[in-house]
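Colleague: Below are the chains, spelled out letter by letter.
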Amino acid sequence: MAARKGTARPNVSKDDLLKYYREMLLIRRFEEKAGQLYGMGLIGGFCHLYIGQEAVVVGLEAAAGEGDKRITSYRDHGHMLACGMDPKGVMAELTGREGGYSKGKGGSMHMFSKEKHFYGGHGIVGAQVPLGAGLAFSDKYRGNDRVTFAYFGDGAANQGQVYETYNMAELWALPVIFVIENNQYAMGTSVQRSTKSTTLFGRGQAYGIPGEQVDGMDVLAVKEAGERAVAHCRAGKGPYILEVMTYRYRGHSMSDPAKYRTREEVQKMRDERDAIENVRDLLLTGGHATDDDLKAIDREIKAIVNDSAEFAKTSPEPALSELWTDIYA
Amino acid sequence: MATMNMIQAINSALDVMLDRDPKALIFGEDVGYFGGVFRATDGLAAKYGAKRCFDAPISEGGIIATAIGMGAYGLRPVVEIQFADYILPAYDQLVSEAARLRYRSAGDFWAPITVRTPYGGGIFGGQTHSSSPEAIFTHVTGLKTVIPSTPHDAKGLLIAAIEEDDPVIFLEPKRIYQGPFDGHPERPATPWSQHPASDVPEGYYAIPLGTANVVRAGRAVTVLAYGTMVHVALAAAAETGIDAEVIDLRSLVPLDIDTVTASVRKTGRCVIVHEASRFGGYGAELSALVQEECFYHLQAPIERVTGWDTPYPHAFEWDYFPGPARVGKALKRCVEAET
Ligand SMILES: Cc1ncc(C[n+]2csc(CCOP(=O)(O)OP(=O)(O)O)c2C)c(N)n1
Ligand SMILES: [Mg+2]
Chain A
319 MAARKGTARP NVSKDDLLKY YREMLLIRRF EEKAGQLYGM GLIGGFCHLY IGQEAVVVGL
379 EAAAGEGDKR ITSYRDHGHM LACGMDPKGV MAELTGREGG YSKGKGGSMH MFSKEKHFYG
439 GHGIVGAQVP LGAGLAFSDK YRGNDRVTFA YFGDGAANQG QVYETYNMAE LWALPVIFVI
499 ENNQYAMGTS VQRSTKSTTL FGRGQAYGIP GEQVDGMDVL AVKEAGERAV AHCRAGKGPY
559 ILEVMTYRYR GHSMSDPAKY RTREEVQKMR DERDAIENVR DLLLTGGHAT DDDLKAIDRE
619 IKAIVNDSAE FAKTSPEPAL SELWTDIYA
Chain B
4 MATMNMIQAI NSALDVMLDR DPKALIFGED VGYFGGVFRA TDGLAAKYGA KRCFDAPISE
64 GGIIATAIGM GAYGLRPVVE IQFADYILPA YDQLVSEAAR LRYRSAGDFW APITVRTPYG
124 GGIFGGQTHS SSPEAIFTHV TGLKTVIPST PHDAKGLLIA AIEEDDPVIF LEPKRIYQGP
184 FDGHPERPAT PWSQHPASDV PEGYYAIPLG TANVVRAGRA VTVLAYGTMV HVALAAAAET
244 GIDAEVIDLR SLVPLDIDTV TASVRKTGRC VIVHEASRFG GYGAELSALV QEECFYHLQA
304 PIERVTGWDT PYPHAFEWDY FPGPARVGKA LKRCVEAET
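Protein chains in written order, with our numbering: chain A, 319 to 647; chain B, 4 to 342.
FYI, nobody ran anything at the bench for these hints, they're computed from the structure.
Honestly, I wouldn't trust all of these hints.
[Stated by the list, open to error] If you want the footprint, here are the derived chain B segments under chain A, 3+ residues with CB under 8 Å:
#1 6-20
#2 128-140
#3 182-188
#4 320-332
Note that the Cβ used here is the ideal one computed from N, Cα and C, for glycine as well.
Based on the sequences and whatever the hints tell you, model everything.
Modeller: Set out below in structure tokens:
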């Protein structure tokens, strides 16, 4: 096996490691299943898998507290699972069924959960970023110490509205963490072909927003950076930017000719940097778990994912009358 | 002649114009190195170089606005907005700058830009990848709005659009990129190669904007349609056996009102079909014009068959989409109505 760069942290407990392992694995297996259902024609339209990026949301959710909010783009299944939304409701939304989080009306890119403070899934690249600042404004206005995680991609980072938002967020000292999930590609266009900025977090400097680049294939590093960002926001110091360096293993969405990168590039990432394998190594080499323990977790996760798929296949189609509901108050 | 699907025809139009006009250039998200998400610009960056065909960052407002500036100083940019749903960040620039530049500079400057963008439903795209926004452009004085329904028309109209000195919104019905979808998702897809309009000249030809096409002559009722709905209307006519005259408008602004009125005066009945939602849609304008021009010839109320006044849903694709059954019902109502 090739050497991986995940670094052991003496202060991380076995329970935490197992938790991250379980959560990341749930996302990976869920996404694999979604890919299968798509192949079988049970999911239609657009479906953007999060495979490869699991450590980003799992690490940041580990740094989040009760009442904190999150909002993201269309590549949203991982965020929903990581904040505790029910895999059944997510999968059933993908299949467009009544049991889905948006009763089948939103689809893969548009789901929400009031209970989990998940403000969506947004299909328009960059649109969620100012909304995230607005959520943070609302928390500040109420006088609590909650923070908002506003996730967006390296491609979205080139939308003008992101910079209007940076300016307002710093001006108004909003408790928002801008999380740039830099997976190095926006559809078929690499970061190098879309900007001359060498870092994306560095663009915050012009507005006075501090930030840092984080290894997004190392869940522990992500969590630690998340804690710094959260502390900054909770202390009332305004926004913070995390540029999390990550990688998507699958195509942009389900039909991706993958002509813009080599198979070797993807395989190298999988072999050398995979976030789940990193934690697995830490668990095994640290003597926290045996192969059998991990196999038991695998089985547990598989059962959850299979249940979600079963639910998504058997949940009824929404009633036609739903087509005309939820348009006006 | 070559056999082309709509994507190939569009690619061919772009190729012809890059070759003919050194001031023409193409840019947009993923259009250069990658060749476009629908492959419409495939091979053009390699053939003409990055100076003529290149990638832009995800910045729709910036893409269209810089194109306006390029156009004002002598270039002829053709930009791609990946899906019509993403054009809204650039709407301000289209309305406030592109559409009015000529008027407010008293003819000194104008914006000879073409904005190509795939639109419409039938692909399970949900609310952010299925919309039909033509009416928000047709309402803006100073913009032209064009929608092809076949490969042959797509090429000729796109060439004409690029040659136009006014800003043109060129809406491409993405459901019919590969074949003439007639609104029957349950049937196997027909490729363009089985349709006569896939015969496309390889070289230059232009179809003037503002010329409608009577795609089926008939006496019982006039059907006004464009884009995918042309094929749906033809299917509805065939399935109901109603002798409908189906007119493909091809260009919404400028509108070939003469072809429309000549037909309605002949049939005395009119059904308007579009995929976009109903209230304030382009069909409302058509209906008003037909009423104004043909009132004394009308023997039945004008019918509109449209998408519902809801966002485009993820589930219910075929309940939303105005397919041949819905169009057929309207045709029957219209021909059976007594004065
Ligand atoms: C305003 C807008 N422009 C373009 C698109 C089409 N599009 C969808 S995803 C995408 C790439 C986004 O890349 P990035 O922000 O890096 O996110 P990733 O897909 O890598 O997660 C593009 C161009 C869109 N959905 N919305
Ligand atoms: Mg990206």
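Colleague: Each of the hints needs a verdict: does it hold here or not?
Modeller: Here is how each hint holds up against the structure:
Coverage of the segment 6-20 of chain B by chain A is violated in this model, with 0 residues showing a Cβ closer than 8 Å to a Cβ of that chain against a need of three. Counting residues of the segment 128-140 of chain B whose C-beta lies closer than 8 Å to any C-beta of chain A gives 5; at least three are required, and the coverage claim holds. Look at the segment 182-188 of chain B against chain A: 0 of its residues bring a Cβ nearer than 8 Å to a Cβ of that chain, fewer than three, so the hint is violated. A count of 3 residues in the segment 320-332 of chain B with a Cβ less than 8 Å from any Cβ of chain A is obtained; the coverage claim is therefore met, three being the minimum.
In this structure, the earlier hints numbered 1, 3 are contradicted, and the remaining ones agree with it.
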